[in-house]
Amino acid sequence: MIVLKGATVWQGGEDFRTLDVVVEDERIAELREGVATPSGADVLDCSGAVVAPGFVDLHVHLREPGSGDDETIATGSAAAALGGYTAVCAMPNTDPPADSAAVVEMIHRRGREVGLVDVHPIGAITAGRAGERLAAMGEMHRSSARVRLFSDDGDPVPTAHLMRRAMEYARTFDAVLIEHAEDPSMRGGHMHEGEVSALLGLPGIPAEAEEICILRDLALLKLTGSRLHIAHLSTSQGAAAVRAAKAAGLPVTCEVTPHHLALTDDALRGFDPAFKVAPPLRSSEHVKALKEAVADGTVDAIATDHAPHAPHRKDREFDHAPCGMLGLETALGVAVAELVEPGICGLGRVLELMSTGPARILGDDAQGRTPAPGAPANLTVLDPTSVWTVDPAALASASRNTPFAGRKLVGRVVHTMLRGRLTVRDGEVTR
Amino acid sequence: MSRPERRHLLSITDLERDELEDVLRNAEGFEEIGARPIKKVPTLRGRTVVNLFYENSTRTRVSFEIAAKRLSADVVNVAAAASSVAKGESLRDTARTLLAMGADAIVLRHPSAGAPDLLARSVDATVINAGDGAHEHPTQAALDLYTVRRRLGTLEGLRVGIVGDIAHSRVARSVTLGFRRMGASVTVVGPPTMIPLGVSALGCDVSHDLDAVLPTLDVLYLLRLQRERHMEALIPSEREFVALYGVDSRRVEALPDHAVILHPGPMNRGVEISWDAAESGRTLIVDQVSAGVAVRMSLLYHLLGQSPAAEVAS
Amino acid sequence: MEPDDIRRAVTRIAHEICERNRGAAGVVLVGIRTRGAVVASRLAGAIERIEGVRPPLGSLDITLYRDDIATRGPLPVGSTDVPDPSGRVAVLVDDVLYTGRTVRAALDALTDLGRPTAVQLAVLVDRGHRELPIRADFVGRNLPTSGREDVRVLLEETDGQEGVEIHEPA
Chain A
1 MIVLKGATVW
11 QGGEDFRTLD
21 VVVEDERIAE
31 LREGVATPSG
41 ADVLDCSGAV
51 VAPGFVDLHV
61 HLREPGSGDD
71 ETIATGSAAA
81 ALGGYTAVCA
91 MPNTDPPADS
101 AAVVEMIHRR
111 GREVGLVDVH
121 PIGAITAGRA
131 GERLAAMGEM
141 HRSSARVRLF
151 SDDGDPVPTA
161 HLMRRAMEYA
171 RTFDAVLIEH
181 AEDPSMRGGH
191 MHEGEVSALL
201 GLPGIPAEAE
211 EICILRDLAL
221 LKLTGSRLHI
231 AHLSTSQGAA
241 AVRAAKAAGL
251 PVTCEVTPHH
261 LALTDDALRG
271 FDPAFKVAPP
281 LRSSEHVKAL
291 KEAVADGTVD
301 AIATDHAPHA
311 PHRKDREFDH
321 APCGMLGLET
331 ALGVAVAELV
341 EPGICGLGRV
351 LELMSTGPAR
361 ILGDDAQGRT
371 PAPGAPANLT
381 VLDPTSVWTV
391 DPAALASASR
401 NTPFAGRKLV
411 GRVVHTMLRG
421 RLTVRDGEVT
431 R
Chain B
1001 MSRPERRHLL
1011 SITDLERDEL
1021 EDVLRNAEGF
1031 EEIGARPIKK
1041 VPTLRGRTVV
1051 NLFYENSTRT
1061 RVSFEIAAKR
1071 LSADVVNVAA
1081 AASSVAKGES
1091 LRDTARTLLA
1101 MGADAIVLRH
1111 PSAGAPDLLA
1121 RSVDATVINA
1131 GDGAHEHPTQ
1141 AALDLYTVRR
1151 RLGTLEGLRV
1161 GIVGDIAHSR
1171 VARSVTLGFR
1181 RMGASVTVVG
1191 PPTMIPLGVS
1201 ALGCDVSHDL
1211 DAVLPTLDVL
1221 YLLRLQRERH
1231 MEALIPSERE
1241 FVALYGVDSR
1251 RVEALPDHAV
1261 ILHPGPMNRG
1271 VEISWDAAES
1281 GRTLIVDQVS
1291 AGVAVRMSLL
1301 YHLLGQSPAA
1311 EVAS
Chain C
2001 MEPDDIRRAV
2011 TRIAHEICER
2021 NRGAAGVVLV
2031 GIRTRGAVVA
2041 SRLAGAIERI
2051 EGVRPPLGSL
2061 DITLYRDDIA
2071 TRGPLPVGST
2081 DVPDPSGRVA
2091 VLVDDVLYTG
2101 RTVRAALDAL
2111 TDLGRPTAVQ
2121 LAVLVDRGHR
2131 ELPIRADFVG
2141 RNLPTSGRED
2151 VRVLLEETDG
2161 QEGVEIHEPA
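Protein chains in written order, with the working numbering: chain A, 1 to 431; chain B, 1001 to 1314; chain C, 2001 to 2170.
Next up, chain A with everything else stripped away, as it sits in the complex (with noise of 0.2 Å):
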């Protein structure tokens, strides 16, 4: 038994109340004031702390099966529990890609062997991710790992006849389709086009394409009754497309990741490949689209995309540096700095867009839940008023290349807490 006491515990919406939280058998126990420590539980003194469901991370990439430089399931979970995650959902372009059930199955169970998260492979959409034919969704799907997210992310699904067949292939086992929304033929730039690429001299790519690409999507999930769900929304003309679009009652969703919310394009002067990501860092107009789209309603999730790169293979030129950035560990972090502080919605919205929105999109009943008695134990336990600074070295991930070394960040995970155990230990992993 854990008791997490004197905790302030998030009830939905912008509802915080000071609670016991009892923990047994994988299941929250009991939720009121004044619980009678029984001797031998584990008691946690959580005054001036947060409980909430554990976080749900949609898009992270754990490079295994791969060379391991960069990451492997083991160092990518540790990061994920540190960063408050209980869920993750690993992207499809390992080496060899996961679009087979041998693959999928293999990063499911080495997941549960590390035990820290929860590690949902997410389907490819096209066989090798090469863009020519469909994955074998349905053997995804029906295999050990269940599959219910595909994606080809890294690379947009290249034609508007294969996403129509995929979307419509999909719906046989009710799946997601999430787009990676770069129009195919505008690629080739390295940052995003505007003022700073054009002092800069580096070709960029224009907002424009994803905007084309999200309206491809749309007009064939109206055509097909799909699931779409946009992978790191990055532009204004993205944000309103998303926006009419569920106004117009389409099935769409959509995640923003906190770089994209934290850094402009001015990041890029100077050529620091730290700031090298796709989609890229958009100018300040954008930011401030993203941030009102987080406010309204309009975005579902925050997304980390946490992509590492080891040192060797990130710190080069610029434009042979490959595009990247971690997440896991910094991700609330930015996201209280860069929407509570400065009072863009509350700390209630910013735990939704963490746990109950992705969970819902994932379809895991078993996370995002907001805390109640009989609801199962994925918690985390924050500090939302704490601040630190970002020490890559510190990082529990395998790679450094996070854009937010030596910022100062606000609010930090205590304790994370998967199924009754706890995974992290006042901001140490326990296993």
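Everything labelled a hint here was simulated from the structure, so no lab data went into it. Where a beta carbon is used, it is the ideal one built from N, C-alpha and C, also for glycine. What you were told as hints is all true, and nothing was included just to trick you.
Quick list of the computed label-pair ranges, beta carbon to beta carbon:
(1) B:Gly1157 / C:Gly2128: 48 to 56 Å
(2) B:Asp1014 / A:His312: 24 to 32 Å
(3) C:Pro2169 / A:Val387: 45 to 53 Å
Partial chain C-side listing against chain B, Cβ under 7 Å, derived:
(4) Pro2074
(5) Ser2079
(6) Asp2112
With a straight-line Cα cutoff of 25 Å, these simulated DMTMM-like cross-link-like pairs (lysine to aspartate or glutamate) come out:
(7) A:Lys222 / A:Glu208
(8) B:Lys1040 / C:Asp2068
(9) B:Lys1069 / C:Asp2081
(10) A:Lys222 / A:Glu132
(11) B:Lys1069 / C:Asp2067
(12) A:Lys408 / A:Asp426
(13) B:Lys1039 / C:Asp2081
(14) B:Lys1040 / C:Asp2081
(15) B:Lys1039 / C:Asp2084
(16) B:Lys1040 / C:Asp2067
(17) B:Lys1040 / C:Asp2108
(18) B:Lys1040 / B:Glu1065
(19) B:Lys1040 / C:Asp2112
(20) B:Lys1069 / C:Asp2068
(21) A:Lys288 / A:Asp272
Fit chains B and C to the given chain A structure using the hints.
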């Protein structure tokens, strides 16, 4: 005691206006040295300048080499092949090796924009950008400013037109920013496909009509047209580009009498400039080249004159 | 030193140069920028009045030959315009002789410009404290000073007034 901060020249904007004034003024003194029987002064004796060129360029490399040697610095030329970049040989590691051998300054030409910035972050040596991808070529801009001022007497209030593939030209970027810094106004001219989307960040005007702009200019600056550009749907063909933006004798006539023509070289005769226009006597291309050594001497003097290794008495 | 003292010193030095070199033929005056060049110009005028012939005159900027560039940083480079000193007696001219380092730099510069048969040194003020084995052949005034003091020669052409000032540091 204080250590002076190490200076780099990664962009022409690294020099404030008064610094650029100093560099241009001192360049006159350095030009005089080239007229002496002994073309050498001991100013940078004991310093080592490394030319690290990942792109072929005899003209720029030789210009830097002569400049450094006339200042009595030791010069090392390293011609790293661009293929070593593809092989993954780290620029950082190459530079550290050079530093360990005593390099005080590294002059870098590289096909990747931002490579000099990476170098400046990685090693404790003065880094001079001799051209990085499509980003900047600051020493070219400096010698162009010197050449124009020597001929026209001033830079303040001049009207400069730069013609060609602005979006992909490091020379266009540095020259635009450099002339603006010295109080001139700049108009970039080319088809919209070759003008960057965010061009307003450069602080220049934009025109797509060369003939309308020519009579207003004091300086006409022509860029080389890279032959492969029509493959990227930027222009339908070279022939069409020449018709719309190529400078021939007729267009030279349309310039005011005092106006001068510059080109960073080498010229594509028959493309951005016709044979007759190149022979018209209005071009300052030879002056540009001879200015190159004096201006590069002045820049080396400005950047290396103070040694961060020395301690300045308070 | 008063303005009249400067005038008399210039006249006397001009006579001494002519005496030492048996006239002014074969002499070239090289003023060290900036004030040395002014003094050299006045000497050229004085020598013309004495000998009826104006000797060739040049001005030398020694900024690029200084030995303290590494610590003082890049100073503005002035122009150098010296007639070829080869085969002639070059008389270096400066306003103040102090540590001798400026003259050392000037000697290096001069020998890069040609091969004089001899080099002589004329200064308006010698304030002592030599750090190198350098001595002046022609001196306007010997002014003993302390190392902390600052000696400044003011000339009409460069400063709008005439005189020699000695400043105590604040």
